[in-house]
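Build out the structure end to end from the sequences listed, making use of the hints.
Residue numbers (my numbering), protein chains in the order written: chain A, 2 to 429; chain B, 2 to 429.
Worth double-checking, as some hints may not be accurate.
One copy or any two copies: either way a pair holds, since identical chains are not told apart in the list.
[As the list claims (entries may be wrong)] Computed cross-link-like contacts, SDA-like style, restricted to lysine to any residue with a CA-CA straight-line distance of at most 20 Å:
#, residue 1, residue 2
1, Lys234, Thr204
2, Lys218, Leu77
3, Lys218, His237
4, Lys252, Ser116
Worth flagging that the hints you see were computed from the coordinates, not collected in a lab. In this text the structure is predicted, and so the values were computed from the model without any measurement.
Number of protein chains: 2
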Amino acid sequence: MSHAANLKIDDVSAYMRELGQRARAASRALAAATTAAKNEALHNIADDLDTRRAELIAANRKDLDAGASKGLDAALLDRLELNNARIDGMIEGLRQIAALPDPIGAIFDMNFRPSGIQVGRMRVPLGVVGIIYESRPNVTADAAALCLKSGNATVLRGGSEAFHSNQAIAGSIQRGLELAGLPADAVQVVATTDRAAVDLMVTMPESIDVIIPRGGKGLIERISASARVPVIKHLHGVCHVYVDDEADPQKAFNVALNAKTQRYGTCNTMETLLVNETIAEDFLPGLAAAYWDRDVELRGCEQTCRILGSDCVPATPADWDEEYLAPILSIRLVSDLDEAMDHIARHGSLHTESIVTENYSNARRFLREVDASSVMVNASTRFADGFEYGLGAEIGISTDKFHARGPVGLEGLTSVKFIVLGDGHIRQ
Amino acid sequence: MSHAANLKIDDVSAYMRELGQRARAASRALAAATTAAKNEALHNIADDLDTRRAELIAANRKDLDAGASKGLDAALLDRLELNNARIDGMIEGLRQIAALPDPIGAIFDMNFRPSGIQVGRMRVPLGVVGIIYESRPNVTADAAALCLKSGNATVLRGGSEAFHSNQAIAGSIQRGLELAGLPADAVQVVATTDRAAVDLMVTMPESIDVIIPRGGKGLIERISASARVPVIKHLHGVCHVYVDDEADPQKAFNVALNAKTQRYGTCNTMETLLVNETIAEDFLPGLAAAYWDRDVELRGCEQTCRILGSDCVPATPADWDEEYLAPILSIRLVSDLDEAMDHIARHGSLHTESIVTENYSNARRFLREVDASSVMVNASTRFADGFEYGLGAEIGISTDKFHARGPVGLEGLTSVKFIVLGDGHIRQ
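Structure (structure tokens):
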């Protein structure tokens, strides 16, 4: 069974220190683990989850009952639930990560220098990754698998409402690791619901190299405010589509409609549409009709509402900074590309920005000058996603510029060190 | 003249906020600046420094006089001094950075995905870089030049003892920028010696994207402790050379001697020598004689001192963690590669580690398993350096794993964003 579960937790601080030391020790073994051992562990975990479905569902039942009696709302209870389909999803995810190429140990850019040494880089794990997340227990398996494949030890701290589910998944992970000859401590799930554990995790740079919070903006801001460890943050997505005066109208219609309506609650959904004023009268009414058909509320600038009439809600200044995550769209007319890029620089959240245009120079300027984790030409913002980009899987989307930017896959969980090969070379 | 100098500074907090906002605004122009404009600015700055040597030396005289009357020691006064040779050095550095390839805007890894979109990466600036440094005024020109070339705006905060020198250099930088049509605010030197400015700089994530402290361990620890902005840290270097039982004795002798004695005060100097016990009796006495010839104090483990006799100082446990930065070396015998790597994992500072061996498998394991920013085979640790590695110049050496590791050149001052090219593509 889980090592963590064997520890007595009356002193949370000592417990977390112990957990951190075990993770640090395990990280050395994991950094040196063969690709075969890591893949075997991932398949073992998948097999273990598969054969212990009943246990898993029973543990999850405890969480669901406790949640229901605490009065959690239906949406939260739904996210918390583990059923056979969701267990299938976890298993499938583990096997997909096993099938991805191993990034660790890759050597590149080896060049000889005038001194005679040969210098290059080797991709290495970050070390110990701390994951802090909320109610969905499948994150336990997904996050552990990505960290394991990238050679990192992991300390996972899930939401208290998923405690029993997470501990059951942890059991499968640790059995899978040991069966593959890897240390069980390579993945540890914090076995206390004491919130002090989170404060401790983000202030243990000696044991944890990076924190990845997965959850709402509130969680992430709280963690960032107290962290003494680097945090890969995903704050929010205020994404724009700019329809240029040289846009192909059909492409613009398709992209604008898809970027807003393909899903409403995702961070890469467009929240504000910017339209060049010279084409707005021709372009906007047809598009607005399509939005209204789908019950999307339109909040327009003065000019937009003049074109669209009384069904258009006048936008307030706050609308330009809003992440609606809902069937609401703000629309603003701009006089040119520069005004569009100024608007994005002021109101965007560095997430995903798209231009629709057939004009080569405008496309090129937009790609170069817009500061965001994903910048697109003639494509829906909804494509900003690890799977769509071919990363295989993602542990999150970073809205930071430091280290990893945009969808974070295996490579975002690694670092590179310099390697130097000589033949007894000394510096003159 | 310098914008900063035009500001009244009775409210440091308002002043720093204003500085930060100007930097943020300038960073957009700089991110979009052409390679030609950036290089022209670098040459302009070099020309301006060249023609204003007298002004520069006069400003530096003020700092030197103030320093002398404050009783600064000779070493500090020496670091503070700007003479013609040092001004030549700054000018040469600026022209070298102009000659380096521009990393910004480079596009790579563009691949088509099954959906039809083409996804790749573009190298982009980090945004605004804050540099906090101590007495050497040439850092003002070096750091500004690296940030400028990599498309970042910069806020520089030098030591109070170099105040007038730094302001004079800032004048040259800002004239050089404006002459090239770039915003003077792209490089701002904080025009107050109030230490509150440092505390403010490290807590303005809305204006500053990353802090690079250049100075002693004390400065860096103080900054890291209060920073709310990512910090590229260079803490210290406890570097090892491990002489394997299958080392070529002549290579081992050369590397061990060079790694310790080529310079004593640098972070990539070896501080502890690990020797396989099976070769120690043959190998150590000759090497020890060479060290003693150079007045290097040897502090050995029990076995080492048994071999080397009474001139060997018995090492205490504290010696294994010490960065001497002096002609002192600790020596420890180990039974095998694993014990050597265990010692390094326990006592190393993740900086630079080298193995001397002719054994293929040991070399390969050391390269893969040792966690440090530079890992070497048969080469002196003294090679760990941006120039030696071909980075052209370095803004520092990172002992962090996150973002940049080891010598940080232009690329370490950049990030990559995803770019997506479509033809009206929407997500299904």
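Hints and how they fare:
no.	hint	verdict
1	Lys234 - Thr204	both (16 Å within a copy, 17 Å between copies)
2	Lys218 - Leu77	within (16 Å within a copy, 47 Å between copies)
3	Lys218 - His237	within (7 Å within a copy, 36 Å between copies)
4	Lys252 - Ser116	between (55 Å within a copy, 16 Å between copies)
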